[in-house]
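Participant: Those protein sequence lines, which keep their order, are chains A and B. Numbering-wise (full-length UniProt numbering), the first sequence opens with residue 1 and increments by one. Numbering-wise (full-length UniProt numbering), the second sequence opens with residue 1 and increments by one.
Treat the hints loosely; a few may be bogus.
What the hints assert, rightly or not - With a straight-line Cα cutoff of 35 Å, these simulated DSBU-like cross-link-like pairs (lysine-lysine) come out:
1) A:Lys286 - B:Lys183
2) B:Lys183 - A:Lys313
3) A:Lys245 - A:Lys286
4) A:Lys313 - B:Lys182
5) A:Lys170 - B:Lys183
6) B:Lys89 - A:Lys286
7) A:Lys313 - B:Lys185
8) A:Lys170 - A:Lys245
9) A:Lys313 - A:Lys286
These are computed hints drawn from the structure, not numbers from a lab.
Here are the chains, one letter per residue:
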Amino acid sequence: MGNTNGREVGAGGGGQHSQSAVGGHGAVGGQRVGHPGYGVPPPGSHGHPQAQQMRDQGRLGHAPSTESMSQSPSESPGSAARSPLMFTPQVPMVPISKPNELSLGGYAQTQRASQQAYYETSLYGEPDKGVATMIVWSHGGGNVGVIGSWDNWQTRQPLQRSGRDFTLIKVLQPGVYQYKFWVDGVWRYAHDLPAVSDDTNNVNNVLDVQDYVPENLDSVAGFDPPRSPESSYNDPLPGPEDFAKEPPTVPPHLHLTLLNVPQQNEASASLPRPQHVILNHLYVEKEKTNRSVIVLGTTNRFRSKYVTTVLYKPLMM
Amino acid sequence: MAESNGQVNNWLLITKPQHPILPPAPDMGTPGVTMDVDHDMLHQPGSGAEDLPQIHGDVQQDHQQVDRAVMAESGATVVSSAEAEASRKNIADFLNRHFAYDLLPESGKVVALDVALPVKQAFHALYEQGIPGAPLWDSSSQQFVGMLTASDFISILQRLGSHGASVFSEEELEMHTIEEWKKEKQALFPSASHSLVYVGPDDTLSHVANELMRLDVAQLPVLHYPPHSHIPELLHLACLSGILRCLCRHFRHVPSSVPLFSQPIGTLRIGNWVSGIAEPGSRPLQVLRRDESLSRALALLLEARVSALPVVDENGVFQDVYARGDITALARDSTYTRPQLNDLTVSQALQIGAAQDWTGPGPLSGNRYHMCIRSDSLRYVIERLALPGVRRLICIEAGSRQVEGIITLRDVFQFLL
Chain A
1 MGNTNGREVG
11 AGGGGQHSQS
21 AVGGHGAVGG
31 QRVGHPGYGV
41 PPPGSHGHPQ
51 AQQMRDQGRL
61 GHAPSTESMS
71 QSPSESPGSA
81 ARSPLMFTPQ
91 VPMVPISKPN
101 ELSLGGYAQT
111 QRASQQAYYE
121 TSLYGEPDKG
131 VATMIVWSHG
141 GGNVGVIGSW
151 DNWQTRQPLQ
161 RSGRDFTLIK
171 VLQPGVYQYK
181 FWVDGVWRYA
191 HDLPAVSDDT
201 NNVNNVLDVQ
211 DYVPENLDSV
221 AGFDPPRSPE
231 SSYNDPLPGP
241 EDFAKEPPTV
251 PPHLHLTLLN
261 VPQQNEASAS
271 LPRPQHVILN
281 HLYVEKEKTN
291 RSVIVLGTTN
301 RFRSKYVTTV
311 LYKPLMM
Chain B
1 MAESNGQVNN
11 WLLITKPQHP
21 ILPPAPDMGT
31 PGVTMDVDHD
41 MLHQPGSGAE
51 DLPQIHGDVQ
61 QDHQQVDRAV
71 MAESGATVVS
81 SAEAEASRKN
91 IADFLNRHFA
101 YDLLPESGKV
111 VALDVALPVK
121 QAFHALYEQG
131 IPGAPLWDSS
141 SQQFVGMLTA
151 SDFISILQRL
161 GSHGASVFSE
171 EELEMHTIEE
181 WKKEKQALFP
191 SASHSLVYVG
201 PDDTLSHVAN
211 ELMRLDVAQL
221 PVLHYPPHSH
231 IPELLHLACL
241 SGILRCLCRH
251 FRHVPSSVPL
261 FSQPIGTLRI
271 GNWVSGIAEP
281 GSRPLQVLRR
291 DESLSRALAL
301 LLEARVSALP
311 VVDENGVFQD
321 VYARGDITAL
331 ARDSTYTRPQ
341 LNDLTVSQAL
351 QIGAAQDWTG
361 PGPLSGNRYH
371 MCIRSDSLRY
381 VIERLALPGV
391 RRLICIEAGS
401 RQVEGIITLR
411 DVFQFLL
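With the rest of the complex left out, here is chain A (with noise of 0.2 Å):
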């Protein structure tokens, strides 16, 4: 495979985290199996054996289309994983992951660990872990610091100059905060960014830190679509000779459904992002036993956010 620092192409873009998956190989890999623009993530490059232990399994049956990427080396360092960071201040960043976070989830290294990995790659912010925040001032002065409520107004902090502008990067946990900035001596506030008053005609600028990055859904717009292959639409309906065949195999990446996400302790707990590959589809609870009741999910999504909805309807005899 090669060089595998390759970043995101096509669909990639500042929120595409999701898709780069472990090793940033999947969009390298993607275009070679044809799908341009596509992260797919190749769940088989962490090496046959554990995908062989999963198909064991019968949940999650990762088929083993990525053979052709199966002789992926081993991850590279973090810093590839992830797409180029665009600098718009005050959007959360991803944060520069170390080498052995990748192989690791928070969860225990069960025979579905590479599923897991998958998933928490693509989760960057688990409930503790801060998020790098840049903030910026571009108002001119000589000497800028800032001072925040994320450790009760106790130290000011000098930003960085940098051409015109002064910066600071600074990792907080997820929530909102106040801050202001202290230009040559004076307090001020930034008024084209979010500001708040309050009582006393005091007023802070505002940083609201999310602990996911929203989808830039321009890049997902961007997508090229390629032409329709030549056929029409006026083939016969299937007779009964077609449904006595075996049903075409189901591409693999959508057996990525967030519907297998083993289910978490609290009910609300939310679900990792999903790919984009399987959302829209219809997907039936696999038939445990003869039951009478058929349960169905779906995966939508609700202007930047996802919502996995699943039915359970009575079987009619």
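On the provided structure of chain A, position chain B as indicated by the hints.
Facilitator: Frame of chain A, contents of chain B only:
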């Protein structure tokens, strides 16, 4: 100033007006509380080279000094009514400026049940998914028509039990579909409204909170109707806990906006307390003895119109909590079909869910209850209630673990709104 027990507290005053205002910051020694209590320690801001961030000291309230001296040693402070008003105003502003869309997690899951599903399968589904309730979907009309919750299960059990049969066979419950149950419910409770109530993703959080309080329900579906379509999309089930979580997240790092949160709950009119401590005229708290029968527990839950009761042993020492949602644990092994249902004691019912071999999700997994003591601050209580799955805090006496009161999400919202 020196307190009576020798601790020395420092109070700093504001001078310059352009700095953020902070609540009084006494310098605490280690208080002598034995329980595992987190303290809301307010640090004294350090001084910068030239500028001192200031603190606002509310020193003119002499009549509150005594209270402060007592409360100060446990790590919480008393605030003035002006600060309380300011806190409430900030909270109201926040709720008006954020919308139900903010309650949605980035990637969330909702479960819906078809109305034609038999009741038995429905409760097994609720148990499997580990949720207390689900919206009901009618495929013929392509609409959501209501919610199915644990209260429904309790009512069904009571009704079928009162028909004389001490054993309800599985077939009976299997034949009964949710739709039929809804019709029966309408006949049983003609005064209650039975149509679907929901909120949209662009409704403000204060609207959602008010609806939840007004209807006295735990969850409201968030539905989105795409333009030019009558078919709704189910997005989320909004609950008070989710709103509280948003609130916490927003105000966690700006304690100066809500000084009310530093006040200890014992001094606030919030929650439900036992008869010794409760305000005269309010309804005292009921507790369940653990050897009482399950049917008595269910009757008490319905009669007191609460969602959970503390369970105590013979000496009144706090043991556990029995909540309405725990009734779905009876779906395990179809316990509800056993003839001795009425004789099951509360402690046995709790053990069913806590059995070692069940490792799946459910209302009985994880932390079942959280405790606090009367001198804990409101912030401590709110942070605990904001955890997912926690709907109430049991207030106990520090030494003896006797139950003193319960504070629920609803109580907190009633107090804050």
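Participant: The structure should be examined with respect to each hint, and the outcome stated for every one.
Facilitator: Each hint tested on the structure:
no. : hint                : in the structure
1   : A:Lys286 - B:Lys183 : 33 Å, holds
2   : B:Lys183 - A:Lys313 : 19 Å, holds
3   : A:Lys245 - A:Lys286 : 20 Å, holds
4   : A:Lys313 - B:Lys182 : 17 Å, holds
5   : A:Lys170 - B:Lys183 : 58 Å, violated
6   : B:Lys89 - A:Lys286  : 52 Å, violated
7   : A:Lys313 - B:Lys185 : 22 Å, holds
8   : A:Lys170 - A:Lys245 : 59 Å, violated
9   : A:Lys313 - A:Lys286 : 14 Å, holds
Comparing the model with each earlier hint shows violations of hints 5, 6, 8; every other hint is respected.
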